[in-house]
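Start from the sequences and build out the full structure, keeping to the hints where you can.
There are 2 protein chains.
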Amino acid sequence: MRAATIVDRRVEVREHPDPQPSHGQIRVRVRAAGLNAADLMQVEGHYPAPPGWPPDIPGMELAGEVDAVGPAATRFAVGDRIMAVVGGGGQAELAVVHEREAMPVPDQVPWEEAGGLPEVFTTAHDALFTQAALSPGEHLLVNGAAGGVGTAAVQLGVTAGARVTASVRSVERRLEVAALGGDIQVIDPGDAGAHGPYNVVLELVGAPNLPTDLAALATGGRISVIGTGGGSRAEVNLGLLMRARGRIHGSTLRARPLEAKAAAARAMEAHVLPLFAAGRLRVPVCAAVPLDDAAAAYERFAAGSKFGKVVLVAG
Amino acid sequence: MRAATIVDRRVEVREHPDPQPSHGQIRVRVRAAGLNAADLMQVEGHYPAPPGWPPDIPGMELAGEVDAVGPAATRFAVGDRIMAVVGGGGQAELAVVHEREAMPVPDQVPWEEAGGLPEVFTTAHDALFTQAALSPGEHLLVNGAAGGVGTAAVQLGVTAGARVTASVRSVERRLEVAALGGDIQVIDPGDAGAHGPYNVVLELVGAPNLPTDLAALATGGRISVIGTGGGSRAEVNLGLLMRARGRIHGSTLRARPLEAKAAAARAMEAHVLPLFAAGRLRVPVCAAVPLDDAAAAYERFAAGSKFGKVVLVAG
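From first to last, the protein sequence lines are chains Z and A. So the mapping is simple: the working numbering equals the position in the first sequence, first residue as 1, plus 358. So the mapping is simple: the working numbering equals the position in the second sequence, first residue as 1, plus 358.
Simulated from the structure, these hints should not be mistaken for lab results. Mixed in with the good hints, there may be bad ones.
Pairs involving identical chains hold if they fit within one copy or between any two copies, as the list cannot separate such chains.
As the list claims (entries may be wrong) - Each computed SDA-like pair below joins lysine to any residue, with the alpha-carbon atoms no more than 25 Å apart:
1) LYS664 / PRO468
2) LYS664 / GLY597
3) LYS664 / VAL516
Shown next, in the form of C-alpha cells:
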C-alpha cells in the first residue's frame, strides 16, 4: 500500500507492506484522513507515535470501508463505512484499528467530512462534556474557534444549549465561524476579557490566554486546555482560581490507552453521531487533497488561517 | 456578649450586642472556636467577611451548645452540641448560624477539638473527595501536612484507603505527622518529586510547589490548591498538564453561599463524623487559649511551625 511517510522531517508518499488485522482489529480501506497539529509536531520530530502504532506514517484519524476483519472482531462487516481516531498511520491506503475504537459513519456524512471528523469532534466532545461538564444555559468561550477542534466545539456548544462566544484571530474567518450555528458571538481574542464571565473556556491557543481565561472565569468555571500552539508555560494566579472555585484541565487524546479511546468512541456514538445523522453538525473542510499530494496538504495546514479541516483523500 | 474584635489591624476582646437568631437560624453559646489563616488575613485587612457576617468579629468555625432557636429552625433543640463553619463571627461568646450549616458534635469529641474541627475537616474533605475524587489505592501527597487542614487531610486519606505521603517543612513536626495514622510517609518538601507519581496532590503551600506537583502527577491526576501562603503566582507547564490528562482545582470555603456550605455540612455528617464517632479521626490541638487572651492566640498562630490547631475556648 501507499502511505504518507515521514522522511527527514518531511512527508512523502512511499510504498509499505499491507497491514494485517489481528485479534479484535479491522482493516480499513481509507477514503479520507484529516491532518491535525499533532501530525505536524510528529513530522518535526517532537511527538513520536505511541507504542503499537506505525512510527513513520502520520495520521490520527481516518474514514473508509472495512476491507478485512481480524479474529474475534464482530462489530463490523466488510464494506461497512467506519471512522476512527488512531494513534498514527491514518494517512495511508490501508490502516488497522481495533473495532472498539471505530464508529459507523452516518449515511449523511460524505467521505471527506468523515475523514476529518473523529479527532476533532472526539477531542471537543471529551473536553467540553466528559471533562468540563458543559451544561445548557452556560456560557462557553472557545479560544481559537476557526480551526478543526474549534469549529467542532462551537457547534457542539450550540447544540447543547450553551451560549457560545468564539474568539478568532483572523478577521477573514469570523463570518464563517458565525455561520456555524444559531447565535454565536464571534470576537477578537483581545476582547475575551470584556465578554465574560464564562462557565467553560476551551483553550486551543495556550499559555498567552490563561491570565484572561482565569480573570473572566465564572464561579465554578472550568478551563479545558487542549492546544498550546501559542505557548505552554502559563502564569496562573492561584488566588483567582481559588476565588472562582475553578479548575483547569489538560488533555490529549492520542496517548490514551485502548479502553479510554473506546470509551470516547462510545460517547461519540451516543451523543454526537445522532446530531450528524440529524444534519445538525458538519465538518468544514477547507482543503481536500489527494494522498499523492500529501506534502502539499502539510504545507497548506502549516500556513495557518484555516477554516476547518485539511483532509487527504484516496483516489 | 464579649467577642474577639478587629481594631486597627489587631485583635482585642470587646463587648457587643447579643446576636439574635432569625428565620432558620440557631444561636450558639460558643465553647471553642479555631483560628485559621483566613482570620489572620482578615485582621490584616486583606480578606473582608462576606456579606451578612459580622465584619469586625473574626472566626470561621465554632462549637458550642444551642442557646436559642429562631423561627422555623427545627434541626436542633436548646442544649444540643453543635459545630459549624461560619463566614465570620465565631470567636465570640455567642454566634448565630443557619441550622443547615450546623452539624452535631459526636459525643466522643471534646469541645476544644470540636471548635477546631469544622473548617479544616470540611475543607480537606471537600478538596480530597468532592473535588479531587480521591479513591482507595490512590497515592495522595499532602504539601504542608503539619497544619490544621494538613493533619485533617492526612487522616482522611488514610481512612479512605489511600497511600499517603506528607511533606512537612519543620523537622520537629515530622514525627507528630507520622503518628497521625497507619502508614504515613513523611518527607521533606524538597523530596516530593522523588516520591511520586501522585494521583492527588493537596497543595496547602501554593505557587512554589506547582512545578513539582505537575511533574510528579500521575496520569489522570488532580492537584487541589487550598492554600497559597507560599505565593499565588504559579508557573504551570500546560504541556505537562495535557500529557498527564490532569487537572488543577482551586477552592475556598468561606465565600460559598448557604446551599454550598450546607451541602458540605451534609457530606461531613455522612462521611466524616461517623469516623470521629468511631475514634478513627482526631483534631490535634497545639494550643487552647481563653477567649480573653485572643491576642496571644493570634500571636501563637502567626508564629507558625504548629502541629494542628490553635483554638480559643470560652470560660
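Hint check:
Proximity of LYS664 to PRO468 under the C-alpha cut-off of 25 Å is restricted to the intra-copy arrangement: shortest distance 20 Å within a copy versus 67 Å between copies. Taking the shortest alpha-carbon separations for LYS664 and GLY597, only the inter-copy value of 24 Å comes in at or below 25 Å, while the best intra-copy value is 37 Å. Taking the shortest Cα distances, LYS664 and VAL516 sit within 25 Å of each other inside one copy (21 Å), while across copies they are farther apart (52 Å).
Checked against the numbered hints above, the structure violates none of them.
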